[in-house]
Amino acid sequence: MDLNFSEKHRAFQAEVREFIRRHGPASPKTGGGRKRPDRKTLDWQRLLIEHGYAGRTIPREYGGYGAAPDVLEAAIIAEEFGRANVHPGIMNQGISMLVPTLLEVGTREQCERWVRPTIRGEIIWCQGYSEPEAGSDLASVRTRAVVEDGHFVVNGHKIWTSSAHYADMMFLLCRTEPDKPKHEGLSYLLLSMRTPGIEVRPLRTMTGRAEFNEVFFTDVRVPLDQIVMGRGHGWHVANITLKHERMGIGDAGKLTHRLQRLVELLRATKVDGVPLIAAAEFRSRLLRLQGEVLAWRAHNLRLLTDQARGEDPGLRRLIVKYGGTVLGHRLSALAVDALGAEGLTALSQGEDAQDDDAANWNNDYLYDIGLLIGGGTSNIQRNIIGERGLGLPREPRVPGTGGRGA
Amino acid sequence: MEFALSHEQTLLGESVRSFLRDHCPIEAVRAQAATGTGCEEGLWRGLLDLGVQGLLVPERHGGTGLGLLEAAVVAQALGGAAAPVPFLCSVAMAPLALLRSGSAAQQDRWLPRIAGGEARIAMGFVGYVGGRGGAALSLDRDRLSGAAEAVLDAGAPTHFLVYLPDGRAAILGAGDAGVSVALRRTLDGTRPLAEVAFDGVEAEVLEAAADPRAAALQVLDAGRVVLAADTLGAAQAMLDRAVAWAKQRVQFGRVIGSFQGVKHMCADMATMLEPCHAFVWHAAYAQDTRSAEARLMACHAKAHLDEVGREVARMATEVHGGMGFTDLSGLHYWLKRIGFNRQVLGGPERCREEAAALQGWTA
Numbered sequence: 001m002d003l004n005f006s007e008k009h010r011a012f013q014a015e016v017r018e019f020i021r022r023h024g025p026a027s028p029k030t031g032g033g034r035k036r037p038d039r040k041t042l043d044w045q046r047l048l049i050e051h052g053y054a055g056r057t058i059p060r061e062y063g064g065y066g067a068a069p070d071v072l073e074a075a076i077i078a079e080e081f082g083r084a085n086v087h088p089g090i091m092n093q094g095i096s097m098l099v100p101t102l103l104e105v106g107t108r109e110q111c112e113r114w115v116r117p118t119i120r121g122e123i124i125w126c127q128g129y130s131e132p133e134a135g136s137d138l139a140s141v142r143t144r145a146v147v148e149d150g151h152f153v154v155n156g157h158k159i160w161t162s163s164a165h166y167a168d169m170m171f172l173l174c175r176t177e178p179d180k181p182k183h184e185g186l187s188y189l190l191l192s193m194r195t196p197g198i199e200v201r202p203l204r205t206m207t208g209r210a211e212f213n214e215v216f217f218t219d220v221r222v223p224l225d226q227i228v229m230g231r232g233h234g235w236h237v238a239n240i241t242l243k244h245e246r247m248g249i250g251d252a253g254k255l256t257h258r259l260q261r262l263v264e265l266l267r268a269t270k271v272d273g274v275p276l277i278a279a280a281e282f283r284s285r286l287l288r289l290q291g292e293v294l295a296w297r298a299h300n301l302r303l304l305t306d307q308a309r310g311e312d313p314g315l316r317r318l319i320v321k322y323g324g325t326v327l328g329h330r331l332s333a334l335a336v337d338a339l340g341a342e343g344l345t346a347l348s349q350g351e352d353a354q355d356d357d358a359a360n361w362n363n364d365y366l367y368d369i370g371l372l373i374g375g376g377t378s379n380i381q382r383n384i385i386g387e388r389g390l391g392l393p394r395e396p397r398v399p400g401t402g403g404r405g406a
Numbered sequence: 001m002e003f004a005l006s007h008e009q010t011l012l013g014e015s016v017r018s019f020l021r022d023h024c025p026i027e028a029v030r031a032q033a034a035t036g037t038g039c040e041e042g043l044w045r046g047l048l049d050l051g052v053q054g055l056l057v058p059e060r061h062g063g064t065g066l067g068l069l070e071a072a073v074v075a076q077a078l079g080g081a082a083a084p085v086p087f088l089c090s091v092a093m094a095p096l097a098l099l100r101s102g103s104a105a106q107q108d109r110w111l112p113r114i115a116g117g118e119a120r121i122a123m124g125f126v127g128y129v130g131g132r133g134g135a136a137l138s139l140d141r142d143r144l145s146g147a148a149e150a151v152l153d154a155g156a157p158t159h160f161l162v163y164l165p166d167g168r169a170a171i172l173g174a175g176d177a178g179v180s181v182a183l184r185r186t187l188d189g190t191r192p193l194a195e196v197a198f199d200g201v202e203a204e205v206l207e208a209a210a211d212p213r214a215a216a217l218q219v220l221d222a223g224r225v226v227l228a229a230d231t232l233g234a235a236q237a238m239l240d241r242a243v244a245w246a247k248q249r250v251q252f253g254r255v256i257g258s259f260q261g262v263k264h265m266c267a268d269m270a271t272m273l274e275p276c277h278a279f280v281w282h283a284a285y286a287q288d289t290r291s292a293e294a295r296l297m298a299c300h301a302k303a304h305l306d307e308v309g310r311e312v313a314r315m316a317t318e319v320h321g322g323m324g325f326t327d328l329s330g331l332h333y334w335l336k337r338i339g340f341n342r343q344v345l346g347g348p349e350r351c352r353e354e355a356a357a358l359q360g361w362t363a
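Just so you know, the sequences run in chain order Y and P.
The UniProt record's numbering puts the first residue of the first sequence at 1, with every later residue one more than the last.
The UniProt record's numbering puts the first residue of the second sequence at 1, with every later residue one more than the last.
It should be emphasised that the hints constitute simulated quantities derived from the structure, not laboratory data.
Idealized CB from N, CA, C, for every residue including glycine.
Hints may be right or wrong, so weigh each one.
[Unchecked claim] Calculated cross-link-like contacts (lysine to any residue; reagent style SDA-like; alpha-carbon spacing at most 25 Å):
no., chain 1, residue 1, chain 2, residue 2
1, Y, K35, Y, L366
2, P, K247, Y, E387
3, Y, K35, Y, S130
4, P, K247, Y, R317
5, P, K247, Y, P393
6, P, K247, Y, L315
7, Y, K180, Y, T195
8, Y, K182, P, F259
9, P, K247, Y, R83
10, Y, K8, Y, R83
11, Y, K270, P, E353
12, P, K247, Y, E395
13, Y, K8, P, E2
14, Y, K29, Y, N360
15, Y, K180, Y, V200
16, Y, K254, P, E2
17, Y, K182, Y, E18
[Stated by the list, open to error] A few chain P residues that face chain Y, going by a derived Cβ cut-off under 8 Å, partial list only:
no., residue
18, V243
19, A246
20, G261
21, H264
22, F279
23, W281
Generate coordinates for the entire structure from the input sequences, incorporating the hints supplied.
If you want it as structure tokens, here you go:
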């Protein structure tokens, strides 16, 4: 056990701080909702890649910085950028989910073609997974692709597709082998959102924003080489992508940052002249949450060490999405309560606006409910923790469905 | 940076667990609960062979000079077996009290006896974790008078060490004239609590610390981390048993662990408890490195493990159904151990209030 940085990491930390000191003032604003990166953000992203603060471990031949993986360096970058409130680089599903998937199981040609523009923020991806009849039971997707004159031809309907209204590309889970058992009949295709036959309909959510879309496919033609691994391997590839997604969603760094914001809010908010941080009921809730965040912070340090050693943390990884999102929502719930009746009037000014703190808390509070559901609901996570983490038996299969019972 | 137990620390935990597997079956816990001294002599001697008593005693005084992280690893193993031994005071807090507040001569005199298992020191804090009216101590030169309540590890001690509100501590023999002990059985039958009265008893005073109250709080914090580790071990043992039971018990023609109601309870317990391992290590490490966060972490680790421990204890019992409620299953020994740990050296509410004060979260 040693929480001190080595000489090498202290030097690296100094390097990052120097970069922030020199270039920080040119950083685009952080936050502000999901949207297509503007010119300023794209330039910032290239600068970050050049210095190794984005795309750090991605091979140079694919447009990255080409450093050897070092989780501590990654943690130092995240911490220093977060502390200085400097834009940490573009984060989207292409960068955090598709790129690691391609690097793990894509062909050389696929990596050469898509990794560079994706990490630069020039190509935006969306994830074509869920369907109206395939939510938690993802492997039962019905959107199908058949091979006709040298192309996959896709027909079907996806839902909950975030960013589809401005995305350039989609990674799509669809059924290509209808005669095979459920999990073996899927393929993972990469396709352009400009292909004729794609219709995108925005889906307004409870946040008031159109964070998601429905996507309809009518005879959409996809070149045969735009498949990751082979036909029938889609379930395997999709799970590699989900692994990267779930680690991102429950991230303890975000919880620590949110707790800090919450402490500031309770210090600054006075009711009858008393700051809420000194009001017994509020303080008591805050203290409970602080203890939990400290536990997850320590857990995160342990996971970093697991990763550095190249060990699979198993159960320790499986609990992150479920535990992190539940706690995240409780943090924003306390913030909303601190804002009280006045907070009810703090409305978001729209997807592209810079909202004030109160409106941001309201948005977090609602959006967090989406996070409990997206990327595998909490109930699905608890199945996974129980079955893969603790070795409990699956539900008996219901004959004819190829999967677990209802 | 490396956030993991070292090979040696892992081995230490393994060797204590392996010893307890052989020598502390549930029958031994049950037998101890009947007599209730909190010290099973065979276990105490066996731990001595493993070098446990000298864990925090420097090598020059006959110990191994390790840290609170190692003590936490051992405490977790003891909690996992619900082992009735006076580890908290005699092995963890007493040597620290001497190291923080004792003179060189006092350390020379006491530490070797602690490492050798000859001194078994029960401890009490007066004026630290909220008094309930009965306790008050005074020192007139080296004469101790008054009473201490909720004195720990007091079932079969050789000595008492009590902290006064000003941070000084007094050590004296358990059988000295003028010492009267009212030993109380507790809900956790394996560990008693005592009310101890002192009538002008000659004592050895530990008063070498530059800031006596701060030194006393460090000892208290170390005790809280040890209790958190003990609860972690006990809760993990309960979860492991619940999962094992859920894999074998059949109802409605199915193993009950295949029902989501049961499976999700187990998943909830694991999600609460798993991060606690890292939290306890982190809190212990903060004590060892005298980190600026050390007090905050100790308060929060104790409070958090108290809460998680209570939830896991209830849910693990529920997974067992009626069997969990029986004495035969023995589950209740862990449940009661967790309940005991919760109330001593400051319950979670008290610990969180201290955490609030440390951060200036007051009016």
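Each hint, compared with the structure:
1. Distance check on the hinted pair: K35 (chain Y) and L366 (chain Y) sit about 18 Å apart at the alpha-carbon level, within 25 Å; holds.
2. This hinted pair checks out: K247 (chain P) and E387 (chain Y) have alpha carbons roughly 11 Å apart, not beyond 25 Å.
3. Proposed proximity of K35 (chain Y) and S130 (chain Y) is supported: the alpha carbons are some 21 Å apart, at most 25 Å.
4. Our distance criterion of 25 Å between C-alpha atoms is met by K247 (chain P) and R317 (chain Y), whose separation comes to about 22 Å.
5. Restraint check for K247 (chain P) and P393 (chain Y): satisfied, since their Cα atoms lie roughly 7 Å apart, inside the 25 Å limit.
6. Restraint check: the Cα-Cα separation between K247 (chain P) and L315 (chain Y) comes to about 17 Å, which is no more than 25 Å; the hinted pair holds.
7. Distance restraint check for K180 (chain Y) and T195 (chain Y): the Cα-Cα separation of roughly 28 Å exceeds the 25 Å cut-off, and the hinted pair is therefore not satisfied.
8. The hinted pair formed by K182 (chain Y) and F259 (chain P) meets the criterion: a straight-line CA distance of about 23 Å does not exceed 25 Å.
9. The straight-line distance between the Cα atoms of K247 (chain P) and R83 (chain Y) is roughly 46 Å, outside the 25 Å bound, and the hint therefore fails.
10. For the given pair, K8 (chain Y) sits about 21 Å from R83 (chain Y) by alpha-carbon distance, which is consistent with the 25 Å threshold.
11. Of the pairs offered as hints, the one joining K270 (chain Y) and E353 (chain P) holds, with about 20 Å between alpha carbons and a cut-off of 25 Å not exceeded.
12. Between K247 (chain P) and E395 (chain Y), the direct Cα distance comes to roughly 12 Å. Compliance with the 25 Å bound is thereby established for this hinted pair.
13. Under the criterion of a C-alpha separation no larger than 25 Å, the hint pairing K8 (chain Y) with E2 (chain P) is consistent with the structure, at around 14 Å.
14. Taken as a hint, the K29 (chain Y) and N360 (chain Y) pair is honoured in the structure, with Cα atoms around 15 Å apart against an allowance of 25 Å.
15. Restraint check for K180 (chain Y) and V200 (chain Y): not satisfied, since their Cα atoms lie roughly 30 Å apart, outside the 25 Å limit.
16. A threshold of 25 Å between alpha carbons decides the hint, and for K254 (chain Y) with E2 (chain P) the separation of about 21 Å falls inside it, so the pair holds.
17. As the CA atoms of K182 (chain Y) and E18 (chain Y) are separated by approximately 53 Å, the hinted pair breaks the 25 Å bound.
18. Evaluation of the V243 (chain P) hint against chain Y yields a held restraint, the C-beta minimum of about 5 Å falling below 8 Å.
19. Taking 8 Å as the C-beta contact cut-off toward chain Y, the hint placing A246 (chain P) at the interface holds, the least distance being around 6 Å.
20. Against a cut-off of 8 Å between C-beta atoms, the interface hint on G261 (chain P) is violated, since the closest Cβ of chain Y lies about 11 Å away.
21. The beta carbon of H264 (chain P) is positioned within 8 Å of a beta carbon in chain Y (closest approach about 4 Å), and the interface hint is therefore held.
22. Restraint check, F279 (chain P) versus chain Y: the minimum CB separation of about 4 Å is within 8 Å; hint holds.
23. With its C-beta approaching chain Y no nearer than about 6 Å, W281 (chain P) sits inside the 8 Å limit, and its interface hint holds.
Hints 7, 9, 15, 17, 20, counting from the list given before, are not met by this structure.
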